[in-house]
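Asker: Following the hints, complete the assembly by docking chain V onto the known chain B.
One-letter residues, chain by chain:
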Amino acid sequence: MALRIERQDGAYGFDDPAVPGDWTIEALTTRAAPKLRYPMTDVSTGKPLRYSMLHDGVELPRDQTVGAAFPERQARVHVVHEYANARG
Amino acid sequence: MSDLDAARAALRAAGYTCETGEGGTLVFAGSTGSGCIDDPLPGFVRVAHDVSAVADDPVKLARISACMAGSARITLRHRTPFAEQTCTPAELTGVVRRLAWVPAAIPTHDIAVEDVAVGVFDVALGALSGPVFLRLATGHTDTVNRARATYVLVANALLRAGKGGWIEGPGLAVVGADAERTGLRAELYQMGQALAVLGDERRARSYLELCGMKAVTQPGVAAPTAAASQPQEDRDEWRKQCGVANRASGRRVRIR
Numbered sequence: 001m002a003l004r005i006e007r008q009d010g011a012y013g014f015d016d017p018a019v020p021g022d023w024t025i026e027a028l029t030t031r032a033a034p035k036l037r038y039p040m041t042d043v044s045t046g047k048p049l050r051y052s053m054l055h056d057g058v059e060l061p062r063d064q065t066v067g068a069a070f071p072e073r074q075a076r077v078h079v080v081h082e083y084a085n086a087r088g
Numbered sequence: 001m002s003d004l005d006a007a008r009a010a011l012r013a014a015g016y017t018c019e020t021g022e023g024g025t026l027v028f029a030g031s032t033g034s035g036c037i038d039d040p041l042p043g044f045v046r047v048a049h050d051v052s053a054v055a056d057d058p059v060k061l062a063r064i065s066a067c068m069a070g071s072a073r074i075t076l077r078h079r080t081p082f083a084e085q086t087c088t089p090a091e092l093t094g095v096v097r098r099l100a101w102v103p104a105a106i107p108t109h110d111i112a113v114e115d116v117a118v119g120v121f122d123v124a125l126g127a128l129s130g131p132v133f134l135r136l137a138t139g140h141t142d143t144v145n146r147a148r149a150t151y152v153l154v155a156n157a158l159l160r161a162g163k164g165g166w167i168e169g170p171g172l173a174v175v176g177a178d179a180e181r182t183g184l185r186a187e188l189y190q191m192g193q194a195l196a197v198l199g200d201e202r203r204a205r206s207y208l209e210l211c212g213m214k215a216v217t218q219p220g221v222a223a224p225t226a227a228a229s230q231p232q233e234d235r236d237e238w239r240k241q242c243g244v245a246n247r248a249s250g251r252r253v254r255i256r
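So the sequence lines, in the order shown, correspond to chains B and V.
Residues in the first sequence are numbered from 1 upward in steps of one, following the numbering used here.
Residues in the second sequence are numbered from 1 upward in steps of one, following the numbering used here.
Chain B extracted, bound-state conformation (with noise of 0.2 angstroms):
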């Protein structure tokens, strides 16, 4: 699986020509987001942040394989933050 993996400000991102396929989109986002450079917790809370992939602009469901969410065997992702971060 081919993926170009992106930041959402399209700042940074990283080609990958071997995303495994069975590897879910969570597993697949939380080692994206550091590659990223997006920070893994809140610098005042101390609580882990979570992000999601976009695939054009619509959200992956979290437990779908690569595979099964990329049928055409490459594609472009973007990683963004959740809204549940914004929270306190």
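Read the hints as simulated data drawn from the structure, not as lab findings.
The beta-carbon is built from N, C-alpha and C at its ideal position, and this holds for glycine as well.
Incorrect hints may appear among the rest.
Unchecked claim - Pulled a few chain V residues facing chain B out of the computed Cβ check, cut under 8 angstroms:
#, residue
1, Val113
2, Ala117
3, Val118
4, Gly119
5, Phe121
6, Val123
7, Ala124
8, Glu201
Answerer: Same frame as chain B, but now just chain V:
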């Protein structure tokens, strides 16, 4: 009797001179040349036979490594190429003689070649049906090729799931379909990441300097100075380690 003691007895019976080297290893010398033996696992010994007379080009040595039978491979220790294989003490004498006759001419390879994509998180590894060479990168400039081949030879001393080599590019030769996949994926991933880093010309030249190997001088480009001269301390250290072997065999160990 320990494995090294059994190895010492077998080599002495075959006419080799043996002495205890640094770190408890066994250093030997005889008609076929010199080398050293250690015992990485109970019941097994790892023999490394000096093959510096075969070639000094890391790409050529890596090509030979890919075509060697079984788990035998070429490694690079202290800038000296060794033919290395793990075996039982009973098989040692035959293995030493086979390793000594590494051909200078690169044999044709009869192993299937498969290109493996190395990603940011993992490698795309398909099903393995038999002996196969998993190629991790394609040929590049001479400096990058030398750096990648040097890395493969150095890594060969640590690789367990397969052996490093070169068939139109660096990769890992897996000798059997029953290779343990978790360890193989980890080794492929680590090698792929390192080879990708060495794909940069500047980093490749720095790596060659770090290893004490000469980089290829391109026309109009100044050659690096650090790799041109070999520190006298390294030469003395290596001679101290193999002092008995060198005196016994009358050979001079050539270091570049």
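Asker: Each hint should be assessed against the structure and marked as holding or not.
Answerer: Structure-based check of all given hints:
no., hint, verdict
1, Val113, "violated (18 angstroms)"
2, Ala117, "holds (4 angstroms)"
3, Val118, "holds (6 angstroms)"
4, Gly119, "holds (3 angstroms)"
5, Phe121, "holds (5 angstroms)"
6, Val123, "holds (6 angstroms)"
7, Ala124, "holds (4 angstroms)"
8, Glu201, "violated (21 angstroms)"
Violated hints, in rising order: 1, 8; the structure is consistent with all others.
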